[in-house]
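Modelling step: build the complete structure from the supplied sequences, incorporating the hints.
2 protein chains.
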Amino acid sequence: MSDSKILLSEKEMPTKWYNIQADMPNLPKPALHPETKQPAGPEDLSPIFPMGLIMQEVSRERWIEIPEEVQEIYRLWRPSPLCRAKRLEKALDTPAKIYYKYEGVSPAGSHKLNTAVAQAYYNKVEGIKRLSTETGAGQWGIALSQACNFFGLECTVYMVKVSYQQKPYRRSVMEIFGANCIASPSNQTSSGRQILEKDPESLGSLGMAISEAVEDAAGRSDTNYALGSVLNHVTLHQSIIGLEAREQLAKADAYPDVVIACCGGGSNFAGVAFPFAYDKIVKGAKVRLVAVEPSACPTLTRGHFGYDFGDVAGFTPLLWMYTLGKDFMPPGIHSGGLRYHGDSPLVSQIVHDGIAEARAYGQTATFKSAVLFAKSEGVVPAPESSHAIHCAVEEAIAAREADEARTILFNLSGHGLLDLPSYDDYLSGKLVDYPLPEDNLKKALEQLPKV
Amino acid sequence: MSDSKILLSEKEMPTKWYNIQADMPNLPKPALHPETKQPAGPEDLSPIFPMGLIMQEVSRERWIEIPEEVQEIYRLWRPSPLCRAKRLEKALDTPAKIYYKYEGVSPAGSHKLNTAVAQAYYNKVEGIKRLSTETGAGQWGIALSQACNFFGLECTVYMVKVSYQQKPYRRSVMEIFGANCIASPSNQTSSGRQILEKDPESLGSLGMAISEAVEDAAGRSDTNYALGSVLNHVTLHQSIIGLEAREQLAKADAYPDVVIACCGGGSNFAGVAFPFAYDKIVKGAKVRLVAVEPSACPTLTRGHFGYDFGDVAGFTPLLWMYTLGKDFMPPGIHSGGLRYHGDSPLVSQIVHDGIAEARAYGQTATFKSAVLFAKSEGVVPAPESSHAIHCAVEEAIAAREADEARTILFNLSGHGLLDLPSYDDYLSGKLVDYPLPEDNLKKALEQLPKV
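Chains as they are written, first to last, in numbering that gives the first Met the number 0: chain A, 0 to 450; chain B, 0 to 450.
There could be a bad hint or two in this list.
In this list, chains with the same sequence are indistinguishable; a pair is considered to hold if it fits within one copy or across any two.
To be verified - Here are the simulated DSSO-like pairs of lysine-lysine, each with C-alpha atoms no more than 30 Å apart in a straight line:
(1) Lys-123 with Lys-4
(2) Lys-89 with Lys-128
(3) Lys-89 with Lys-250
(4) Lys-374 with Lys-4
(5) Lys-250 with Lys-15
(6) Lys-85 with Lys-279
(7) Lys-128 with Lys-367
(8) Lys-4 with Lys-367
(9) Lys-85 with Lys-10
(10) Lys-441 with Lys-36
(11) Lys-160 with Lys-367
(12) Lys-128 with Lys-85
(13) Lys-374 with Lys-160
(14) Lys-85 with Lys-123
(15) Lys-374 with Lys-15
(16) Lys-15 with Lys-4
(17) Lys-4 with Lys-85
(18) Lys-10 with Lys-374
(19) Lys-123 with Lys-367
(20) Lys-15 with Lys-89
(21) Lys-250 with Lys-10
(22) Lys-89 with Lys-10
(23) Lys-89 with Lys-123
(24) Lys-128 with Lys-374
Simulated from the structure, these hints should not be mistaken for laboratory data.
Here's what the structure looks like:
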């Protein structure tokens, strides 16, 4: 009988990241300075990012060496397992083989640690003492806290106040690892103070928290800023997921017909899919790549392809991407990690060019598949990851209907052990599908910056 | 460089459990019927346990085959990794090699699933449709919920009311897996109703919850009762931990000088230590086996060795074990899994005979070592497991002082992601060491049953 888990030894762990910029038929247009609207150069980014990451952001090298110091930390949990979901296959009565790459085994509980460790390392070698960042639901905050701890950096996390209050467990983990977790808006920054002056009861937003974290980093020479998704260097670091998965599938003499991941800012989808995009672009492999997003925040399926700001305040460079408009306010779905108005420019470009495709689901469908998955395979998935599961379930049913033994790979980007109140809402029938706020979307798209 | 993780393939997973009853120089005296005080026979246990487990309870066979159906579920997460805690070694500047077996990778988050799966299986094959159990903090309730789900059994968990209210996340996991989780005392049983009549605001206790779960099982022919620790068959199922660890250490050309685990009811300590006790008893291996308990509930280090009831109400057979007296009320430490007045008879006997030793620590020391471990290795440990970590740290420091390259193995029985409020208390300085309530202990020991 074939194994349920396909493991790699530490010696088999990839030692290079894959950079899709080497192989894309069309690169995204360059990021623009938010004021001059001219292409942003390294000097525009250097106040808040280290040069090592800035160079990765624009590199055209296909393979980039993973520093030994980063590999050493990766080995605390990597290579992560590739699992065959045999009991799920049986439950669905499908001839398809369903594999999932499980990134929830990281100490942070999600794939976010892959880039957090790399970012902390490059900042450390350039003499930075402290990183600031924002976090919504808290997964990224946990990952950066751990990474900073491993490299002896201080870490300050501005956590959206409503999450800070509702998800105290995530804050606890950050504090165990020595981070300073601050409810945003706070009185620590001038942007925070301005917001609090207008509305002392503000519950915060990701946009506000980004403003505070960037201001914090820009104002101190010992401090840089770190971002957990969207940017090119983040997708680079995440490529280890797909590189490992490809090696593991080869051990099982398998190759996917379809590769699936959820997609918010894009780092998780890029991580698992870009190495297969390489196969598709360079070697002509016939593999479908599916990015799955919430129908309440359908950036790739309903967004505009063009320039937009990465943040709400309009401080960041303009990025070439699919966007719902920075003023779009998505409904309060439980997948906090997928509530972003834009998307990775690299992911956006390959979707635009037809190399990858996108699909959107409502949250009740994704929770239903999450519970089916948990009851079959044991693991309680993060609400974000459940979007990928639901798509894999649909693909497995399609394979059954076509009577074809297709091979499905999806990325289980994290576990849901700190998201259990969401499951309570689902099980008690309180969880609903939010219709897309069409008026709000229309207005947000009308406000896109003119370039 | 040597690997951080030593993995076994699924084909290398042990196919037999180890039964220490085959090799002990002295067996515990037999369990006695609670009323007649005569040795309890299979017929005394059959109203609430399946014959498959009753026979394991008294078996003298050294090796007992793991049924293929149980192995199939084990393969969802087993073999579990053996990790070398290199960064912890460095932090302690010790010449010792510290290995830990990590059972927190199970879907239940702890070692408890090893026996839950086996118990659900043996009940299933004997036609049982439903299991009842009690749970304190909730780890065992999660494990049995998952195991019942895998084998299509219904599951009812009586959860101590104060935990039901304080730890809603654990209840959520049980409900995801389809279990019925009831706050105890409840109005579902006559014993529950009696308690509520006297005190409608009762917050419950493990003793009350056991009474409800046993009454539930005894009253329905389709229902049996399941216990997560203490009993011989539970320690048998857990032996897979130590069997795997021994194989994994052999791959690294290593053998432990000391094997460490925390000890509440004893299943976790037995699981990792009994296969090494075999080496010690049968082959003369020089290995120390250390059971670690809280100084607030020091069963092995301060208890009486003799007969006592397993529960508070006095319904269960009398077990031959170390006990603080069933009426001993331990202080409210955060390691709910270690607050038990008795201990596994098999563990008690080998401690009494000097094959294993016991040690007790206050909780502030264990949380300090838990945070050091998390910051070194990434994993946030369960408060119970942190007792083993603290002992490993002490042993590593002793090795440094003796300048000896000793090999230390401990069992990290579970992660602490559902115990984060305890870490908040520690980090904010609210966590204290409770002195042993000597008067309460003295009275409880005076009440031991006369046999």
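To see whether the hints hold, each was checked on the structure:
1. In the homo-oligomer, the alpha carbons of Lys-123 and Lys-4 lie at most 30 Å apart only across protomers (26 Å), although the nearest pairing inside one protomer, at 36 Å, exceeds that limit.
2. Taking the closest pair of Cα atoms, Lys-89 and Lys-128 come within 30 Å of each other only across two copies (22 Å); inside a single copy the shortest separation is 51 Å, beyond that limit.
3. Taking identical chains as interchangeable, the C-alpha atoms of Lys-89 and Lys-250 lie at most 30 Å apart only when both belong to the same chain, with a minimum of 22 Å there against 35 Å between chains.
4. Proximity of Lys-374 to Lys-4 under the C-alpha cut-off of 30 Å is found in both arrangements, the shortest distances being 18 Å within a copy and 28 Å between copies.
5. In this homomeric assembly, Lys-250 and Lys-15 come within 30 Å of each other (Cα to Cα) both inside a single copy, at 20 Å, and across copies, at 28 Å.
6. In the homo-oligomer, the alpha carbons of Lys-85 and Lys-279 lie at most 30 Å apart inside one protomer (27 Å), although the nearest pairing across protomers, at 40 Å, exceeds that limit.
7. For the identical chains of this complex, Lys-128 and Lys-367 are inter-copy neighbours only, at 25 Å across copies versus 44 Å inside a copy, given an alpha-carbon limit of 30 Å.
8. Taking identical chains as interchangeable, the C-alpha atoms of Lys-4 and Lys-367 lie at most 30 Å apart only when both belong to the same chain, with a minimum of 24 Å there against 35 Å between chains.
9. For the identical chains of this complex, Lys-85 and Lys-10 are neighbours both inside a copy (27 Å) and across copies (17 Å), given an alpha-carbon limit of 30 Å.
10. With identical chains, the CA atoms of Lys-441 and Lys-36 are at most 30 Å apart within one copy only, with a shortest distance of 24 Å there and 80 Å across copies.
11. For the homomeric pair Lys-160 and Lys-367, the shortest alpha-carbon distances inside one copy (29 Å) and between copies (29 Å) are both at most 30 Å.
12. Taking the shortest Cα distances, Lys-128 and Lys-85 sit within 30 Å of each other only across copies (24 Å), while inside one copy they are farther apart (47 Å).
13. Only between protomers do Lys-374 and Lys-160 lie at most 30 Å apart by alpha-carbon distance; the minimum there is 26 Å, versus 33 Å within a single protomer.
14. Only between protomers do Lys-85 and Lys-123 lie at most 30 Å apart by alpha-carbon distance; the minimum there is 21 Å, versus 43 Å within a single protomer.
15. Proximity of Lys-374 and Lys-15 under a CA criterion of 30 Å is satisfied inter-copy only: 26 Å between copies versus 36 Å inside one chain copy.
16. When the C-alpha separation of Lys-15 and Lys-4 is checked against a cutoff of 30 Å, the pair qualifies both within a copy, at 24 Å, and between copies, at 21 Å.
17. In this homomeric assembly, Lys-4 and Lys-85 come within 30 Å of each other (Cα to Cα) both inside a single copy, at 10 Å, and across copies, at 25 Å.
18. Only between protomers do Lys-10 and Lys-374 lie at most 30 Å apart by alpha-carbon distance; the minimum there is 24 Å, versus 34 Å within a single protomer.
19. Only between protomers do Lys-123 and Lys-367 lie at most 30 Å apart by alpha-carbon distance; the minimum there is 27 Å, versus 43 Å within a single protomer.
20. For a Cα distance limit of 30 Å, the shortest separation of Lys-15 from Lys-89 across copies, 27 Å, qualifies, whereas the shortest one inside one copy, 37 Å, does not.
21. For the homomeric pair Lys-250 and Lys-10, the shortest alpha-carbon distances inside one copy (15 Å) and between copies (15 Å) are both at most 30 Å.
22. In this assembly of identical chains, Lys-89 and Lys-10 lie within 30 Å of each other by CA distance solely across copies; the values are 22 Å between and 34 Å within a copy.
23. Taking CA atoms no more than 30 Å apart as the test, Lys-89 paired with Lys-123 passes between copies only; the shortest distance there is 20 Å, against 48 Å inside one copy.
24. In this homomeric assembly, Lys-128 and Lys-374 come within 30 Å of each other (Cα to Cα) only across copies, at 18 Å, whereas the closest approach inside a single copy is 45 Å.
In summary, the structure agrees with every hint in the numbered list given earlier.
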